[in-house]
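So the protein lines, in turn, are chains A and B. Counting from 1, one number per residue, gives the positions in the first sequence under UniProt numbering. Counting from 1, one number per residue, gives the positions in the second sequence under UniProt numbering.
All the given hints hold, so there is nothing to weed out.
Label-pair distances were calculated between CB atoms; the ranges are:
#1 B:Asp417 to A:Val208: 51 to 61 Å
#2 A:Val93 to B:Asn288: 45 to 55 Å
#3 B:Gly389 to A:Arg69: 24 to 34 Å
#4 B:Gly389 to A:Glu61: 31 to 41 Å
#5 A:Val208 to B:Asp172: 51 to 61 Å
#6 A:Phe33 to B:Glu370: 47 to 57 Å
#7 B:Glu33 to A:Ile146: 30 to 40 Å
#8 B:Pro226 to A:Glu61: 24 to 34 Å
Please keep in mind that the hints were generated in silico from the structure rather than gathered at the bench. Built from N, CA and C at the ideal position, the CB exists for glycine as well.
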Amino acid sequence: MKNQANPWLTNNLVLLGVGMLPALLLIGLLLYFTAWAFAFSFTDLALVGRKSVEWSWVGFENFQRLFTRRGFLESLWTTVIFVFFSAIVGQSVLGFLLAALLRGRNSTLKTVIEVCIMLGWLLPDIVAAFLWSATTAQTGLINALIVVPLGFEPVNFINDYALPVVIIANIWKGTAWSYLLFSAALDSISREVVEAAKVDGATPFQRVWLVMLPIIRPHIATNMLFITIWTFTYFPLIFAMTGGGPGTQTTTLAVFLYNQSFSRGNLGFGSAISVAMLVIVGLLSLVYLRMLREPK
Amino acid sequence: MFRRNLLASATAIALMAGAAMPAKAEVSIMYAEWLASLVEPGIAAYEKETGEKVNAIKLPGAGYDQRIALDLSAGTASDVVQMDSFMVSELASSGYLMPLDEKAAAWDQYQYYMKGLLEVASYDGHVYALPTDTDVRMLWYYKPNFEKAGIAMPWEPKTWADVLDAAQKLKDAGVEYAFQIPAGTKQGEATTMQGVYMALLGADKPDDDRNRLLNRKTGQWIGDSPGLRRTLDLYHQIYIDKQLAPADLNYATDPGAAVRQALADGKLGILASGSWEDACLWDCNGVNLPSREERDKLVGWTPWPGSGEPGAKATTNISGGWTIGVNAKAADPDAAFKLVTTIFDVANFKAWTLANHRMAVRTDISESPEYMADPYLAKATALAADTTGRDTVPGYQTVSALVQQATSDILDGASVDEAIKTYHDALVDEFGEDKVITYQ
Chain A
1 MKNQANPWLT NNLVLLGVGM LPALLLIGLL LYFTAWAFAF SFTDLALVGR KSVEWSWVGF
61 ENFQRLFTRR GFLESLWTTV IFVFFSAIVG QSVLGFLLAA LLRGRNSTLK TVIEVCIMLG
121 WLLPDIVAAF LWSATTAQTG LINALIVVPL GFEPVNFIND YALPVVIIAN IWKGTAWSYL
181 LFSAALDSIS REVVEAAKVD GATPFQRVWL VMLPIIRPHI ATNMLFITIW TFTYFPLIFA
241 MTGGGPGTQT TTLAVFLYNQ SFSRGNLGFG SAISVAMLVI VGLLSLVYLR MLREPK
Chain B
1 MFRRNLLASA TAIALMAGAA MPAKAEVSIM YAEWLASLVE PGIAAYEKET GEKVNAIKLP
61 GAGYDQRIAL DLSAGTASDV VQMDSFMVSE LASSGYLMPL DEKAAAWDQY QYYMKGLLEV
121 ASYDGHVYAL PTDTDVRMLW YYKPNFEKAG IAMPWEPKTW ADVLDAAQKL KDAGVEYAFQ
181 IPAGTKQGEA TTMQGVYMAL LGADKPDDDR NRLLNRKTGQ WIGDSPGLRR TLDLYHQIYI
241 DKQLAPADLN YATDPGAAVR QALADGKLGI LASGSWEDAC LWDCNGVNLP SREERDKLVG
301 WTPWPGSGEP GAKATTNISG GWTIGVNAKA ADPDAAFKLV TTIFDVANFK AWTLANHRMA
361 VRTDISESPE YMADPYLAKA TALAADTTGR DTVPGYQTVS ALVQQATSDI LDGASVDEAI
421 KTYHDALVDE FGEDKVITYQ
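Given only the sequences and the hints, what does the whole structure look like? Please build it.
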């Protein structure tokens with residue numbers, strides 16, 4: 001193998017080693033933290049109190065608790081709904097539609113829409129949370145502008161429809177990423193291919209479904225991979241808007257993890273939750289990575 | 001060590017990432033923003049006297065408890081720390097705080113601290129922090145809405161039924177948050193203290209600690225009791241059966257601010273809260289307060305009544321309060337303690353106590369003519385005659401979080417039975433079967 005390498009590299013192995021050092025350090029750090037979280041998950045370690053000093057190994061007890069006590073499975077289900085609707089259905093589809101519709105246009109409208117989408121992406125999570133809380137409250141913008149003028153009773157959206165509100169807020173917040181990625185992907189499709197399909201009599205729908213989508217399939221998989229992982233572990237917007245409530249209606253796994261680890265100070269159990277999340281996200285990533293491969 | 005290494009490195013990285021590494025200074029202090037009017041003049045006095053700069057880290061009130069616990073356990077907390085009194089024993093048992101008895105004995109103003117109030121800040125026979133104030137809890141009510149609902153004032157409910165009845169009348173009169181009682185995990189300790197514990201203490205007869213979270217004689221946590229069931233049922237009636245208020249204030253981006261905004265907008269009927277609200281309803285730092293007459297025209301308060309069950313107490317109360325202590329790892333413990341005593345120096349401390357209508361923790365303040373002449377404090381202090389404290393033993397923080405979770409479960413539509421079972425099982429998980437008891 002050494003023989004096949006670039007001769008310049010083989011003659012400068014020391015330099016190569018030094019150059020790789022930052023990357024190796026980073027990988028080491030990542031492994032170090034993962035290993036700690038993994039080790040914690042087998043202990044009853046607490047943040048404060050006696051068990052923060054006199055902790056002990058408890059075997060698989062924490063993992064057993066994930067499935068025998070209320071909380072984890074409910075949060076997992078909430079997370080699945082949140083990821084499916086806000087990331088997969090919402091951000092991806094909306095991002096793609098916007099990218100497809102605005103493709104090749106150079107109008108003021110496109111600039112305006114792009115700026116609007118990017119604003120959502122650029123706003124800090126906490127600011128976005130305040131905005132959406134204010135907008136969806138009983139005296140908020142939606143009630144004042146739409147519901148009340150139409151003659152209906154004002155609706156307390158953030159209380160009565162907490163999960164849909166959080167999902168919509170997250171779609172609003174995150175669509176820019178999908179839009180940018182799909183715009184770049186669509187731009188990479190050569191005009192000739194699409195023109196040829198048009199000449200062959202393909203309808204606009206067929207051109208998108210049979211020509212463009214298969215070409216950008218790897219981009220779709222990459223996008224799905226990123227936004228699934230982000231959304232699965234996403235915390236700030238949800239916590240700031242609803243704190244996981246009312247009740248536990250918007251308690252996703254990230255909020256559940258926070259409550260267990262820092263409100264209850266139960267670091268051992270919290271680590272078990274994070275290990276479970278790691279496994280789930282890992283499995284999902286494998287599925288997407290498989291999608292990335294070219295079909296035989 | 002095991003965990004501290006990780007937490008320390010994680011926090012160090014987070015700090016570097018946020019470029020929030022505090023500048024090097026002789027003494028550092030962390031405090032919640034609402035305590036600024038006590039801490040900041042103290043810091044200024046300290047800087048003037050010693051010529052040293054104090055590194056002051058002002059933090060938002062939301063999530064404050066978690067931040068302090070995390071920073072202390074990671075070893076990145078400041079030298080002087082403000083904390084809720086319920087956390088003192090927990091943090092002290094982890095070895096994060098410095099015992100103050102010796103240093104305090106040499107301070108001439110220490111003798112004035114009331115012994116019983118120092119107990120909440122003690123662990124294992126040592127005092128670990130000095131209290132800023134104490135408090136009592138009650139039901140506040142918004143007078144214009146009571147007038148609108150046709151409820152006679154002064155309002156003096158005798159049982160929970162009376163309270164629910166008034167709340168129903170308020171709801172019928174169109175008051176959105178007819179009865180706002182803190183619920184859920186985002187309200188944190190407020191749910192436990194202003195809501196659950198106040199109800200629980202009057203839910204059942206007091207024998208044998210049947211109406212508490214802990215049997216203080218045996219040291220066992222109470223996993224199930226008629227009192228707990230009645231308390232959760234009260235939550236069920238308020239938020240589910242009678243829908244006396246939507247739950248959203250409890251989960252708002254900033255619950256404290258949301259509640260006060262609702263009051264300012266005239267949307268609140270009854271509010272379960274505490275003695276600090278006399279100033280806090282307008283501004284927790286005591287600035288821009290309306291006059292006594294204007295406040296009295298808008299809000300009134302009444303003691304929390306008992307449930308009305310035979311043998312239950314007529315009114316209930318529980319007291320907490322905040323404290324300031326010294327980090328066990330303080331670089332210069334003497335300077336840190338000096339900062340504490342400068343903040344608590346009578347000139348600074350007394351002015352703050354009076355301006356904010358806080359309940360004094362020191363006799364040199366509580367016996368002063370100005371304090372005794374304050375009609376609000378005189379009336380509120382009378383409630384303190386029959387108060388009790390939290391179960392300030394290690395483990396309380398966890399139990400408190402479990403209680404908050406139980407109210408959250410109720411909001412989710414869980415029955416009282418289900419919520420109690422989850423609570424009981426979680427106690428067993430945390431403390432073991434022999435540390436949990438059930439009252440029939």
